[in-house]
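Following the hints, complete the assembly by docking chain B onto the known chain A.
Listed in order, the protein sequences are those of chains A and B. If you read the first sequence in the working numbering, its first letter stands for residue 1, the second for the next number, and so on. If you read the second sequence in the working numbering, its first letter stands for residue 1001, the second for the next number, and so on.
It is possible that part of the hints are untrue.
[What the hints assert, rightly or not] The calculated lysine-lysine pairs, modelled on DSSO-like cross-linking and capped at a C-alpha distance of 27 Å, are:
1. B/K1506 x B/K1537
2. A/K79 x B/K1662
3. B/K1502 x B/K1457
4. B/K1669 x A/K91
5. B/K1034 x B/K1403
6. A/K146 x B/K1662
7. A/K91 x B/K1426
8. B/K1506 x A/K43
9. B/K1662 x A/K87
10. B/K1330 x A/K87
11. A/K78 x B/K1403
12. A/K87 x B/K1426
13. B/K1330 x B/K1248
14. B/K1669 x A/K66
15. B/K1553 x B/K1502
16. A/K66 x A/K103
17. A/K43 x B/K1645
Read the hints as simulated data drawn from the structure, not as lab findings.
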Amino acid sequence: MKKHYKIKDLSFLTFFIGKEQFAVNVDNVIEVVRDINMSEVPKTEHYIEGIINFRGEIVTIVNTAKKINLKDINEEKKKIIIVFELKYEDKVVRVGTLVDKVKKVFNIPENLIKPVPDFGSYYNPEFLEGALNTEDGFIMILDINKIFSTKDVEILIQNNNHTTAKNK
Amino acid sequence: MINEEALKNNFIHEAKELLESLETVLLDLENDMKDEAAIQEIFRIMHTLKGSAGMFGFNKISNLTHHIESIYDLVREGKLVINSEIISITLAASDVLSILLNNNDLLKVVQEVKYRELLDHVKGFFIEDGEQREKLKPENSEPVNEDNKESIFYIYFSPHKNIFKRGLNPYFIFDDLVNIKFNTYPPIKETPLDDSYKKDFTYKWEIYLSTSKPLSFIEDIFMFYNDNEYKVFELDPIDVLGNVKFAKLYKSIHNNKIDLNKIKSRIQNIQQTGLISGGDDEAPSKAADIVEGKIKQIDSTKIEDITEDDIVERHDRRTKTSVIKVPTEKLDELINLVSELVIINSQLTYLSGNIFNLKLKKTLSNVERLTKNLRDNALELRLVPIKSISLKLQRLVRDLSKKLDKKVDFVTEGADTELDSNIINKIESPLIHIIRNCMDHGIESIEERTKKGKTEKGIIRLIAFYSGAHVFIQVQDDGKGLDIEDIRKNAIDKGIINPTDKLTNKEIFDLIFLPGFSTAQNLSEISGRGVGMDVVKSNINDLRGIIEIDSEKDLGTSISLKLPLTLSIIDTLLVKIDNTPYLVPLSSIDSCHKIEHKHIVNSDNHQLNFKEELIPYIYLRDYFNNESTPPEVENFIILEYNEKKYAIVVDKVMGELQAVVKPLGHMHKDQEYLTGASVLGDGSLALIIDTNKMVGRIKEETLYK
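Pulled out of the complex, with its shape left as it was, chain A reads as follows:
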């Protein structure tokens, strides 16, 4: 009898930051929030946009574009926030990110996910889990845990040196 190994299907939510398309695993997504008031927090990292009141809890909002060093061509203030839930040092924490547009949820068999290609100086590949080539275009899969970790200063500094070197 032919053994049937089921290739796992993964669910992703895709969204746009500027012209770039990204995806995140749906398992971590709690809610997509629009038009919510965000408060700024002084004296924080440049990629922390602020905090929001989400269901009674303080949720920190990260600007993913700034975090992965993506040149954000969309100057207009982003209004859409995706709220995630992840594990941080065996606690469950909620965090969010600003995006321009949310596209859709779809399933992909996991063997179609390719490793991250070398973008050179375009942006930091450390924050990506993989990439997808679909009929909708090229989609980058974000590694949420890295986006929302606090241990990234060295990576950014290294990368900044890397990018500035290449840009010369």
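Chain B in isolation, oriented as in the chain A frame:
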């Protein structure tokens, strides 16, 4: 609904409490080795633990407590005298028992070795005394010494139906009864638990016993049973019914009939065979059978007829206390709900701002007052006396004084002072470190002290008291104090200060809190690798508290902690910088004053002359990088910190606000001057300023530059 897990957890919880009181009693006993009540208490604790532990699979606990109980039994009987060695063993045992409780009766290899050593040491107490040797060898069951006259006892044992919920295993009673007869301690047997433990317990027994032990001894066996669960009567074989109370009870159990012959034959059986009998018409069964629980159930229908005056006039001695135990999760939930209420209250106030209705305003004001009361009451529920930590510290001092060969007394004042349980948990570590420092570097050796003309015994005082919205905890020792010159030199060596810097004594002491600082010549294993005081300080700061040191050479050192009563809901002042709201905890504020912007701009070195005082301040607009145009009139908020005045400057002061503190989250863990955020009435968020750290910043900017 009973479930096995809940029963086990209940046992573990109660066992931990027993171990805690065990420590207290042991330390008391050490001070007065003739304290009989203490000895009795320790025996009782071991006995209770032994009984319940076996039932939940904690066999090692059962085994250890069994042997320790035997030691204290010997002490009770006057065959052994309490000495320091026994106390140390018992303390060591209490530590092992704690580990076993926390790890489901499992030990790591190193711990296992210690456990066996301890056990051997304990057993050693029996080998010495020839008579006691019997107690270890169940095979050697010698009959009772004929010189002691034996009496007949009748026991009616009727445990309440919820006996398992109390963590008691009635079958162990038989163990103990067998012990009386044979004078041996059979190995603790794990009673096979069938499903019966899940149901109500309905077995009752009539037990006939023949022993040379007195009535009180038998009653001791039923120590943790209620008075209405057991009856012990001494019977005169010749005049059985002479004991009126016994007769009455017997009648009520057996349908108002007394079959004197049956009773007499039972008594005869027990005198001849020396075994316990039980059950109704069965032949006397062996003790082992009883332990296996094969006794027939006795009809218990008549039990209600036994009135109050039949049963010994004593009522249930357990006084109905006015204290109930509540799991902390339930309290946390309550406080969450109260917090939500506080927030909604703010929303109501905000929404009604534009409605001019006197009755509405009045009612809202009442609601606000009630909410504040509810808040205060709810937060009070989480308050725990500091006694729980002081016990640990006392133990620490005792252990360290033995280890370091120093004599130290540990005294607590204000042990009843209460703190939020979250805070208590978090100050434990810092306090332990502080005490270690006192013991290691503070209190001198006995010779040194005598040379200085001090008492041989040093003293460490833990003092706790309230003042305003804070709790103060001080640790004072009468040791050698801090050497100011030493600290100054060390700071200069490390480049922290310049040789020309003029610092007050207090400022020098504060240097100790800098990371990597330590002047102790011998960095002992106990403390002083320089990772201590800065961590202590940051732990205290995290709790929005303050820590200070004061010291005088050869007189001693005093370390003070000032902590807020609660972390979760605080009274604040709502202020604005540009349009961003911030909250300043009211307890730190001294006063607020309007001030013209131009005075700020023209000030010298960030200090403002106010009512003849030079007050250093921080201009928050600059600090928070706000670039909008400042208003012409701003607000100068004076904070008081350690009897000195500092200030922050903001745009507007909006009013007072009860704020529910919500943490910012892990991504802000490096945030220095903001300690959380709160939801305002209009749903927006305000950031809470950590005034203690802000003052630290102000100091840095003005004093050290």
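Going through the hints against the structure:
Between B/K1506 and B/K1537 the CA atoms are separated by roughly 15 Å; this keeps the pair inside 27 Å, and the hint holds. Our distance criterion of 27 Å between C-alpha atoms is met by A/K79 and B/K1662, whose separation comes to about 24 Å. With a C-alpha separation of about 37 Å, the suggested pairing of B/K1502 with B/K1457 is violated against the 27 Å cut-off. About 14 Å separates the Cα atoms of B/K1669 and A/K91, which keeps this hinted pair within 27 Å; it holds.
Between B/K1034 and B/K1403 the CA atoms are separated by roughly 25 Å; this keeps the pair inside 27 Å, and the hint holds. Between the alpha carbons of A/K146 and B/K1662 the distance comes to roughly 24 Å, so the proposed pair stays at or under 27 Å and holds. Of the supplied pair hints, the one linking A/K91 and B/K1426 holds, its CA atoms being roughly 18 Å apart against a limit of 27 Å. Among the hinted pairs, B/K1506 with A/K43 is inconsistent with the structure: their alpha-carbon atoms are about 30 Å apart, more than 27 Å.
Only pairs whose Cα atoms come within 27 Å are accepted, and B/K1662 paired with A/K87 is accepted, the gap being roughly 19 Å. As the CA atoms of B/K1330 and A/K87 are separated by approximately 25 Å, the hinted pair is consistent with the 27 Å bound. With a C-alpha separation of about 64 Å, the suggested pair A/K78 and B/K1403 falls outside the 27 Å cut-off, and the hint is violated. Under the criterion of a C-alpha separation no larger than 27 Å, the hint pairing A/K87 with B/K1426 is consistent with the structure, at around 23 Å.
Between B/K1330 and B/K1248 the CA atoms are separated by roughly 48 Å; this puts the pair beyond 27 Å, and the hint is violated. Taking the CA atoms of B/K1669 and A/K66, the gap is near 20 Å; set against the 27 Å cutoff, the hint holds. With a C-alpha separation of about 20 Å, the suggested pair B/K1553 and B/K1502 falls inside the 27 Å cut-off, and the hint holds. Our distance criterion of 27 Å between C-alpha atoms is met by A/K66 and A/K103, whose separation comes to about 21 Å.
Restraint check for A/K43 and B/K1645: the C-alpha separation of about 25 Å stays at or below 27 Å, so the hint holds.
The structure does not agree with the numbered hints 3, 8, 11, 13 stated previously, though it agrees with the rest.
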